[in-house]
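Trainee: These protein sequences, in sequence, are chains A and B. Using the working numbering, you'd call the opening residue of the first sequence number 63 and step up by one each time. Using the working numbering, you'd call the opening residue of the second sequence number 63 and step up by one each time.
Be aware that one or more of the hints could be misleading.
Identical chains share a label here; the pair holds if one copy fits it or two copies do between them.
Claimed, not checked - With a Cα cut of at most 30 Å, we get these calculated DSSO-like pairs of lysine-lysine:
(1) LYS303 / LYS198
(2) LYS217 / LYS269
(3) LYS124 / LYS78
(4) LYS239 / LYS458
(5) LYS398 / LYS465
(6) LYS355 / LYS305
(7) LYS269 / LYS494
(8) LYS351 / LYS465
(9) LYS303 / LYS239
(10) LYS361 / LYS455
(11) LYS501 / LYS116
(12) LYS361 / LYS217
(13) LYS351 / LYS116
(14) LYS273 / LYS361
By construction, these hints were calculated from the structure, which means they are not laboratory data.
There are 2 protein chains.
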Amino acid sequence: MIEQQIIDRLTQIVGKENCSTVTADRICYSYDATQQQFLPDVVLHPASADEISKIMLLANEKFIPVFPRGAGSGFSGGSLPTRGGIVLSTERLDTILKIDEENLVATVEPGVVTEQFQQAVEKVGLFYPPDPASLKFSTLGGNVAECAGGPRCVKYGVTKDYIIGLEVVTPTGDIIKTGGPTMKGVVGYDLTKLLCGSEGTLGIITKIIIKLLPLPEAKQTMLVMFDSIDGAAQAVSAIIKGKIIPTTLEFMDGRTIDCVRQATDLDVPAAANAVLIIEVDGDREFLNKQVAKISAIIKPLGVVETRIATTPKESEALWQIRRSVSASLRKVNPDKFNEDICVPRSRVPEMIRRIDKISATYEIPIVNFGHAGDGNIHVNIMINKKVAGELEKAEKAIEEVFKGALELGGTMSGEHGVGIAKAPYIGLEITKQAAFYMKTIKKALDPNNILNPGKIFLDDKQTANH
Amino acid sequence: MIEQQIIDRLTQIVGKENCSTVTADRICYSYDATQQQFLPDVVLHPASADEISKIMLLANEKFIPVFPRGAGSGFSGGSLPTRGGIVLSTERLDTILKIDEENLVATVEPGVVTEQFQQAVEKVGLFYPPDPASLKFSTLGGNVAECAGGPRCVKYGVTKDYIIGLEVVTPTGDIIKTGGPTMKGVVGYDLTKLLCGSEGTLGIITKIIIKLLPLPEAKQTMLVMFDSIDGAAQAVSAIIKGKIIPTTLEFMDGRTIDCVRQATDLDVPAAANAVLIIEVDGDREFLNKQVAKISAIIKPLGVVETRIATTPKESEALWQIRRSVSASLRKVNPDKFNEDICVPRSRVPEMIRRIDKISATYEIPIVNFGHAGDGNIHVNIMINKKVAGELEKAEKAIEEVFKGALELGGTMSGEHGVGIAKAPYIGLEITKQAAFYMKTIKKALDPNNILNPGKIFLDDKQTANH
Chain A
63 MIEQQIIDRL TQIVGKENCS TVTADRICYS YDATQQQFLP DVVLHPASAD EISKIMLLAN
123 EKFIPVFPRG AGSGFSGGSL PTRGGIVLST ERLDTILKID EENLVATVEP GVVTEQFQQA
183 VEKVGLFYPP DPASLKFSTL GGNVAECAGG PRCVKYGVTK DYIIGLEVVT PTGDIIKTGG
243 PTMKGVVGYD LTKLLCGSEG TLGIITKIII KLLPLPEAKQ TMLVMFDSID GAAQAVSAII
303 KGKIIPTTLE FMDGRTIDCV RQATDLDVPA AANAVLIIEV DGDREFLNKQ VAKISAIIKP
363 LGVVETRIAT TPKESEALWQ IRRSVSASLR KVNPDKFNED ICVPRSRVPE MIRRIDKISA
423 TYEIPIVNFG HAGDGNIHVN IMINKKVAGE LEKAEKAIEE VFKGALELGG TMSGEHGVGI
483 AKAPYIGLEI TKQAAFYMKT IKKALDPNNI LNPGKIFLDD KQTANH
Chain B
63 MIEQQIIDRL TQIVGKENCS TVTADRICYS YDATQQQFLP DVVLHPASAD EISKIMLLAN
123 EKFIPVFPRG AGSGFSGGSL PTRGGIVLST ERLDTILKID EENLVATVEP GVVTEQFQQA
183 VEKVGLFYPP DPASLKFSTL GGNVAECAGG PRCVKYGVTK DYIIGLEVVT PTGDIIKTGG
243 PTMKGVVGYD LTKLLCGSEG TLGIITKIII KLLPLPEAKQ TMLVMFDSID GAAQAVSAII
303 KGKIIPTTLE FMDGRTIDCV RQATDLDVPA AANAVLIIEV DGDREFLNKQ VAKISAIIKP
363 LGVVETRIAT TPKESEALWQ IRRSVSASLR KVNPDKFNED ICVPRSRVPE MIRRIDKISA
423 TYEIPIVNFG HAGDGNIHVN IMINKKVAGE LEKAEKAIEE VFKGALELGG TMSGEHGVGI
483 AKAPYIGLEI TKQAAFYMKT IKKALDPNNI LNPGKIFLDD KQTANH
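Could you put the whole structure together from the sequences, leaning on the hints where they help?
Mentor: Shown next as structure tokens:
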């Protein structure tokens, strides 16, 4: 526990109503989407970079760990207060400071909710593409810290591709600016991109400068059912080889479709063994041409049925199948490990085959769907933790899934990050030398190991296995 | 000078023919595009990451500075061997290792010449957009180290937007891989982007994994002459507000056009006071629509004349005016300082007016052209060094140009980097705290200050002025 005298100093910094040691509050900030739980000693809601700087100075003085937190929607435990100490919530920093329509640049605070920001820029005809599944509650600060992705990344890239500048409180309490509102800039190291995806270990984000695009004029959605996963995967490659980069190329494998069939009354033909949802956006006339071209390209690849939506309402209906997946999975088994490996696009079918084998070996249902366009597969390992031995089997299966992805030139995580969930496995992907380079940066910038300690890399003795 | 015994060990590493202390060779590697000259002690041409690793280990053992070098086409002195020691040329690492047409990814060695790579991928229908002016001789390794830009960046972004993985020899001699061939990846810190634009101070690039795009079907070029720079600048903003992001939006100011008129017999009407070259690319039919839309948007903004090219040959003719600029400038004055500030797009006219004032104050011709679409202005300060006082006036003018850009929310360098040319001014843009964060990274990763020392940041005593 933190001494009362330090709590008093923290209270002085953020104000009484923004510093809580009440158990109920601490519990509220003890978990994230991993469903793991760690109780912090105190929860702080600072209102400015200045207050955060003071908190960091005090934390360094007293060696108290600080865990920055957006909405706690992360899937890898990045915001969990694993060592007690301070949870530093950015919820009060929730202002969209500026939307510069002339320069297509916005400046926001980190606590702004992703979807609210998207809606605000769309109102003035602009577009912020990154669309993590959690966008209704996730914050932009968390999105930046984890480098969130989403379905639209095939065409538009991930969060970091839109972040051109930051204001950050460093682990030792300095307030610095990185990058800026210009489209180019090469003065000094690109700290902006280093901080994107650094999972809150190298600085606390207090302002974000975001590059925007003009909002595409229109969108069309196709839902295509294939008789095999290979047909769907070939379709992905063929579309891109055909020089079309769709906005979205989502896939669901046979098991996923089975789940949907069992759990819902949505119309999914029996012959369908894989589904692609393909979206294109841009000039209205040009879209018709693109959809026709896509239809022609995929026709020989075992198409069972194609549905095309041209209005937002029709599109929403097509997405129903995809959106029903998460709820449907719960019928398979109560506990889910949601991994998010990414392989080169062309290796997706091979990866799915490997996962099927792993599933058979360990006798655990594994359900795959995700962003086929960029090879990012959400691998859902479904178990019942209450059944003896299932958890251990799941852990072995996860390790084999990671190894498979790496053997195919991929990565353990496309968009969820490492946090604590993947930290035990990081040695599979990153060599000791590369890890040393990363840890050297962390140690130099955070000599007291105050900021989000124990994330990405376990303590040295714990990682010795890999 | 380096002791013979060390030269012998270096010779053992790279082979006799790839280690030279001959004066003629050393002179060849003593300069870059800044026209400054520093003689290295020895020039090495290693053939592999392994050899480079051994060189770095030896350099650390003996405290010899190592200056990595691509083609030496940089404008800020990034590759200059300012402290003697070793020039490490990557010229022999010149193989395109793989072009993966299915995944739109290439792997290359750093010594591959930019244009040769572009041509190789275009042959198979793919596209590598970054196009620095030096692309006929610059290398991809140098492009990555400096994060090169170019005219096409308005639509397509800069070098770092295409670099998804690297193999790097660290300052202390480890060989590490960063990123990989997947479109997404968030395992550990994004060292790839940190190394892009780090000017060879954090590692020596030995392999580059590059994301490619499908080659656009067609291109159209418009050359538009305006009666004022304000009209041209408003055109830039209006086009982008009209939801068109052209491939290229190059501008030339009145003085630039005067130079071209005086030095060439190209047809430039007397009423033209600013020129925009606008290129759009994509689907052939759609381009006609875009060009018509652009013509309508810019019509009320003081258009003197519009020329449209639809074939590569016609396009080449339009680009003649832009390509003749550099040679034309030499007629103004023999010596040129080529700066590359970048401001938010909408501030370009204000920046040009400020530069005109600075030009008047110091009685030095300043000629501006560049990439208006992303606010990146090439500011050419033309003097005759032989005239007493001109150099001093130029230096003061440069500092004022930088200050002006920063006041307008811009940066001192959009694409050329800091090197030694802008190092004395870096304190204008980067606060002490941000510089401390950057230097902390450098010091931790290169404790002996072996790799490209003295670049970006001057020694501490020298920077005290700012």
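Trainee: Give me the numbers of the hints this structure contradicts, sorted from smallest to largest.
Mentor: Violated: hints 8, 10, 13.
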